[in-house]
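Going down the list, the sequences are from chains X and V. For the first sequence, the residue numbers in my numbering are 1 to 399. For the second sequence, the residue numbers in my numbering are 1 to 295.
Don't take each hint at face value.
Once the Cα atoms are required to be at most 25 Å apart in a straight line, the calculated PhoX-like pairs of lysine-lysine come out as [stated by the list, open to error]: (1) X:K263 with V:K92; (2) X:K375 with V:K164; (3) V:K281 with V:K266.
Quick caveat, the hints were computed from the structure, so don't treat them as lab data.
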Amino acid sequence: MSTTDGPTLIPDDSSAQEIADREAKMRRRKGWFPGLSDKWNALPRQTQWLFLIIVVVIAYLLPILNPPLITTEPGNNWQIALAQMSVYALIAVGLNVVVGYAGLLDLGYVAFFALGSYTAAMFTSPDSPYVHIPYLWTLPLAMAVAMFFGVVLGVPTLRLRGDYLAIVTLGFGEIVRILATIIPAMKGQVGFQNVGHPPGTDSAGQTIFQNSNGTPWYWLTLTIIIVVLLAAGNLERSRVGRAWIAIREDEDAAEIMGVPTFKYKVWAFAIGASVGGLSGALFAGQVGFVNNQKFDIATSILFVAAVVMGGTGNKVGAILGGALVAYIPLRFTAIAEFKYLIFGAALVIIMIFRPGGLLPARQSLLAYGRLAYNKLRGTNGDIPASGKVVLQSGKGADK
Amino acid sequence: MSEAIEPDIDVDALKEQGVDLEVAEKVAPERDIVTKVGEALVQVQDLTVKFGGLTALDNVSFDINRGEILGLIGPNGAGKTTCFNAMTGVYKPTSGKVMLEGQLLNGLPQHRITRRGLARTFQNIRLFGEMTALENVVVGLDARHRTSVGGALLRLPTHVREEKTAIERGMALLEFVGIADHAHFLSRHLPYGYQRRLEIARALATDPKVLCLDEPAAGFNPAEKEELMALIRTIRDDGYTVLLIEHDMKLVMGVTDRIVVLEFGKKIADAVPKIIRDDPKVISAYLGEPEDDLA
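Could you put together the complete structure from these sequences and hints?
This is the structure we're talking about:
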């Protein structure tokens with residue numbers, strides 16, 4: 001492999017220690033929060049769930065708490081800011097499947113976001129001459145439409161690799177934006193007003209999902225994010241996730257090990273696209289207005305920046321990255337004009353000091369891997385000297 | 001080229017070296033191979049590969065019989081790896097056929113060829129660096145899994161069952177190659193020798209009928225080569241057929257049942273090691289003309 005790891009003797013007792021040292025050194029190099037992810041992984045499952053529930057409850061309470069210093073007020077309405085941050089977080093989670101897991105650089109992700117937005121707008125807005133359906137139905141529809149176009153884009157282009165794929169996807173992003181400008185039915189800059197929203201009124205007879213009230217939109221998007229995260233976690237710890245990571249690590253080797261690489265790349269594209277479409281539909285509903293101005297290349301690059309900044313391949317990191325990308329210009333309105341400059345500089349700095357992103361994490365790719373690994377590590381991370389660990393399912397787990 | 005090394009299988013010695021023979025049964029699930037032991041499992045017929053004007057492989061034909069360890073040797077640039085790549089679908093042969101149990105492999109995508117039962121390792125190690133050793137092996141096991149994307153998403157029973165058995169079989173395979181205690185380390189942090197063994201385990205995980213090893217001993221010292229020879233023999237004794245590309249004559253002579261020699265893309269010999277060792281064509285291919293008096 002690397003030239004510095006020269007040939008080492010095959011098994012002996014000192015080599016185990018040597019690898020452990022090497023692993024420890026790699027971990028230390030990761031920096032800011034030494035051992036945080038180790039500590040997290042070492043916690044019992046119940047404790048992890050408890051922590052997660054607390055985090056989720058706090059997340060749901062954010063619009064009501066309106067914490068000082070963190071809040072974007074008075075410059076921007078905090079609840080609406082939260083709604084936008086959650087949409088960006090969802091986008092980042094979707095794009096993370098494509099960029100983070102499968103390692104496919106998609107620079108035209110905004111196209112799927114646009115497709116979702118237009119699907120929601122054209123089927124609900126009174127400005128549109130087409131069939132009108134309830135807003136909530138447009139969410140699965142937007143996913144399906146985006147997924148379809150994800151496959152349409154993926155099948156011919158996913159035979160390309162690396163830079164070539166990036167260029168083609170970049171082109172696709174522009175195609176969708178330009179089509180929105182020149183196709184009369186998509187109404188270019190005029191756009192669609194009064195995009196629909198979920199039904200329901202409160203006790204005073206007011207519509208719950210108003211464009212001016214971000215809280216219900218935020219809660220809706222947050223709930224969807226949680227569902228998408230659970231689904232992404234399931235995929236990650238299955239042959240699908242393993243196939244994606246294998247493709248990212250070494251596509252040729254993956255193919256030779258029996259992974260149908262093309263099929264799984266198309267799946268990554270389709271799944272990523274459907275989440276992009278979903279977030280587009282949510283965005284259209286919350287803002288209530290869709291035209292061709294929001295779907296430019298810069299936005300697309302911003303999405304990729306969100307994933308890279310948060311931690312490529314880590315879904316929790318992607319949420320953080322997406323939320324931050326939306327939050328910073330809203331919070332620091334004085335510097336909002338320079339947001340691309342700031343993100344550019346921030347990315348350079350992060351890549352130098354923290355190449356894994358803000359929250360680098362390795363994917364766990366085995367659904368029942370914890371048990372096996374914990375048994376191997378034994379207590380206090382010691383490796384049994386004999387090296388003989390026979391796995392008997394069930395037995396010995398409580399040891 | 002000095003003394004002969006007779007291939008002898010000493011069970012106790014194997015056990016001392018950490019090769020666990022009991023796990024072997026778990027490693028090798030029931031195979032559905034039609035070909036009987038000793039008959040041709042893989043047939044390579046008139047295989048030719050041309051890169052532009054260069055003929056890298058010229059009408060090479062040989063069989064791999066079930067249950068044998070076949071060595072493929074030759075000087076640098078003789079076309080050994082090209083032959084490998086043409087067989088496993090990396091290169092498209094210009095002409096000729098590769099058959100596995102009578103079925104044509106030419107033109108199939110690489111992952112299909114692997115699923116048909118032809119697995120390989122790489123000359124320069126190509127593991128999935130950011131995956132643990134166990135996960136690397138499970139990627140190989142996935143070649144036999146049936147879970148669909150939907151099944152994984154909803155955690156259907158097939159998926160759950162496959163995941164559970166995958167860990168057990170994966171650990172058994174790691175144990176088989178002797179690195180089970182390092183299952184939880186990232187493969188890129190493993191020492192070189194372990195990485196080589198992990199590659200073999202990953203290829204075995206695809207449940208191949210024929211295992212092709214591309215210079216598995218590259219960069220090993222003599223002691224490590226001895227251990228590798230023992231491992232390759234155990235693999236064969238476990239019911240796999242092995243095709244071995246190797247540079248080290250001592251290793252090849254010691255472990256193989258039959259040897260095919262290539263030179264400049266042509267087959268110049270195909271015989272048991274004893275005959276190959278005295279074949280003047282082979283000696284001249286490796287050492288130049290015999291009258292050059294190379295001591």
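For each hint given before, does the structure comply? Return the numbers of the non-compliant ones in rising order.
Going through the list in order, the structure violates no hint and respects every one.
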